[in-house]
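Enquirer: Based on the sequences and whatever the hints tell you, model everything.
Protein chains: 2
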Amino acid sequence: MFDDLPKGFRAGAAEAGFKKLGRDDLGLIVSDCPAVLAALFTQNVFCAAPVHICREILHNYGTAQAVIANSGQANACTGEQGFVNCRMTQRMVAERTCLTPEAVLPISTGVIGAQLKMDLWAAAMPALIESLGTRDAEGFTRAFMTTDAFPKFAMREVSLEGGLVRLTVMAKGAGMICPNMATMLCVVLTDAAIGREQWQAMFGRAVEATFNRVSVDGDTSTNDTILGLANGASGVAVSKRDELEKFENTLTELLSMVSHMLVMDGEGAGKVMHIHVHGAMDDADARLVARCVGHSQLVKTAIYGGDANWGRIVTAVGYSGAHFNPDEVSLSLCGIERFHKGQPVNDDKEEALDMLLKDKDIQIDITLGAGRGSYDFQASDLGHEYVSLNADYRS
Amino acid sequence: MFDDLPKGFRAGAAEAGFKKLGRDDLGLIVSDCPAVLAALFTQNVFCAAPVHICREILHNYGTAQAVIANSGQANACTGEQGFVNCRMTQRMVAERTCLTPEAVLPISTGVIGAQLKMDLWAAAMPALIESLGTRDAEGFTRAFMTTDAFPKFAMREVSLEGGLVRLTVMAKGAGMICPNMATMLCVVLTDAAIGREQWQAMFGRAVEATFNRVSVDGDTSTNDTILGLANGASGVAVSKRDELEKFENTLTELLSMVSHMLVMDGEGAGKVMHIHVHGAMDDADARLVARCVGHSQLVKTAIYGGDANWGRIVTAVGYSGAHFNPDEVSLSLCGIERFHKGQPVNDDKEEALDMLLKDKDIQIDITLGAGRGSYDFQASDLGHEYVSLNADYRS
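Protein sequence lines correspond, in order, to chains A and B.
The opening position of the first sequence corresponds to residue 0 in numbering that gives the first Met the number 0, with each subsequent residue numbered one higher.
The opening position of the second sequence corresponds to residue 0 in numbering that gives the first Met the number 0, with each subsequent residue numbered one higher.
Among the hints, erroneous ones may be present.
Identical chains blur together in the list; that is why a pair holds if it fits in one copy or across any two.
[As the list claims (entries may be wrong)] Below 25 Å or equal to it, Euclidean Cα-Cα: the simulated DMTMM-like pairs (lysine to aspartate or glutamate) are:
| id | residue 1 | residue 2 |
| --- | --- | --- |
| 1 | Lys359 | Glu384 |
| 2 | Lys19 | Asp375 |
| 3 | Lys359 | Glu327 |
| 4 | Lys348 | Glu129 |
| 5 | Lys340 | Glu350 |
| 6 | Lys340 | Asp364 |
| 7 | Lys19 | Glu350 |
| 8 | Lys348 | Glu247 |
| 9 | Lys18 | Asp135 |
| 10 | Lys19 | Asp347 |
| 11 | Lys357 | Glu384 |
To be clear, the hints were calculated from the coordinates, so they are not data collected in a lab.
Expert: Here it is, written out as structure tokens:
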């Protein structure tokens, strides 16, 4: 058992050859006992077969005991055959682990519209089962990476009255310059014992405060899935209000770390815009503004180029649909005010700003002067590496 | 007087040096008599000073007699000084042409947040006035080009009962790979005599069917303006129903030609996606789908790379917010069906498709099976040329 997995969980991985990667492309997590399940899924109408099946498990059972993850094929837009294949992968795992198929949560990432390669699945299964207990958090994470530049995982121990519990988060995808259908898969494991409603509720809040506030390209994948398994193997229950709060804070912190890793993923050229909107009529309006700025191609390319073209940011604010008086709007780039209550700021700070724009992290502060609403959002820039990676992803 | 301008209009241009272009950057149109004005403006909250002033003229007077156009500075986000400068440019033209300042429509494009260079304006004014009558439609159009690869203009004669009338359309901007704040400026001139309400109404319909259906990057500029001046100098009135219809059809055809030129503007690598959505619940839903596909970074980069990654298109359909049953959705790329009623099409046409994807015009047909709503939309791809041009636009 590895230290970076909570008690009662074992991880394995195998190279099935789904995409001729020369590396693991199939990963498995098994819990020694049934785990309480929390989950959130993509809002895309075309959700993939594994998303449908995980959603069924969440609603019909509320517990699960294993996660099977593959890269190479997303098993989305694959029709009835996609479901048949997905259920087959559940059975393959179930048969060899003495679980019911409905205890096995499938997650997939890769090319859309391609069927799972069932012969390769069958061939890889013995090695995958054999490998259980030989992989740590990083090893499992690597098995479902696609174009990720590095594996994304994080672990914390939480000290509660009843003893220590562990939380481990493992995720892939939505790298800064390599969105690969922007699919984001994330598995959260804990050995704490926690009630189903409480687990799902805190899960929803933690995801809203973290993963839902990062963006690479604004595309919502067919496969986005976040699973949380709480197996109680630590023997420590989280139920008192202050302990639930402490546990949720740690969960949010871990998801925040990992979601930042997603948007940070890149190969040197990429930058992260940290967009802070204040003074909006309400939080929803602040969110509109932040997302509009974070998704603007013209803002993204200017930030990529280190161009202090703040007018593009103001433009995105202007078409966001939020309510405000343009004469009350101010904007700072890297802490240097460029637009003050509807007027451009003319000073000698252009050169200093040009230097600051070479940083990897770019702060954008927008004040609307319309109320107390605020929203923070992280978004990646848009550069040549993004185009190169995405212009020819399938080939 | 040039043949490609309607009767009673003269055009001029001058090199003021607003952006050290070594070419004309200031253009002027003057009509011999007051013209009935129709106009449409950007929806951006931060609309530029010239947009505010043109809107005032439209509402307070409904007629105008001149258009002054500059590139280099957009005069947007320039506060009170921006208004003072803009009104000064109206007066400069008015004084030298015996017009009232309120008869002069200002349009600007260029960097946001920069003030107009009033000394250069004053210095260029004599040459600009002197040049009136020496430029044709192309000459005027060139004066307010920014990163456009070619000038965009078109002319038609319409034969009516009372005689011939002319329609000339001159536009800049929103080039395929070089959106330059995506600003689109367009001036439509006609020597027909037409009523104010009829002119504005047909103008609105024609723009909705043309300019509002093309996209480069989804950013809505602070300066987008379309002006229509009808001076009646032909002595031919357009008022009968069938003649109004004929005239409007020609207007729509011309705007369609010019809006296609906008999205076609590029330097070899660019492609145009022709997105056709059918079978939506209503036209509004079809529009949602078409715009979502046309704005998806992942779709745009795949088309740029000639990658038959149709799953990205289905994904964009899926998060568009339109209402439909995913099992009824079909999709064709370049006329080859890839997705049929929720199932992938497996055949041997991949190679043929790869060849077709090398074309400059890419047809995307999406059928939702939810009703009779439809929408057509043109959008550009996203490639290295876009990034290069936009990463360092200001410098």
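Enquirer: Look at each hint and say if it fits the structure.
Expert: Evaluated hints:
no., hint, result
1, Lys359 to Glu384, "both (15 Å within a copy, 23 Å between copies)"
2, Lys19 to Asp375, "neither (39 Å within a copy, 40 Å between copies)"
3, Lys359 to Glu327, "neither (30 Å within a copy, 45 Å between copies)"
4, Lys348 to Glu129, "neither (62 Å within a copy, 41 Å between copies)"
5, Lys340 to Glu350, "within (23 Å within a copy, 57 Å between copies)"
6, Lys340 to Asp364, "within (13 Å within a copy, 46 Å between copies)"
7, Lys19 to Glu350, "between (48 Å within a copy, 21 Å between copies)"
8, Lys348 to Glu247, "neither (43 Å within a copy, 52 Å between copies)"
9, Lys18 to Asp135, "within (23 Å within a copy, 59 Å between copies)"
10, Lys19 to Asp347, "between (55 Å within a copy, 22 Å between copies)"
11, Lys357 to Glu384, "both (17 Å within a copy, 21 Å between copies)"
The structure fails hints 2, 3, 4 and 8 (numbered hints given earlier, in ascending order).
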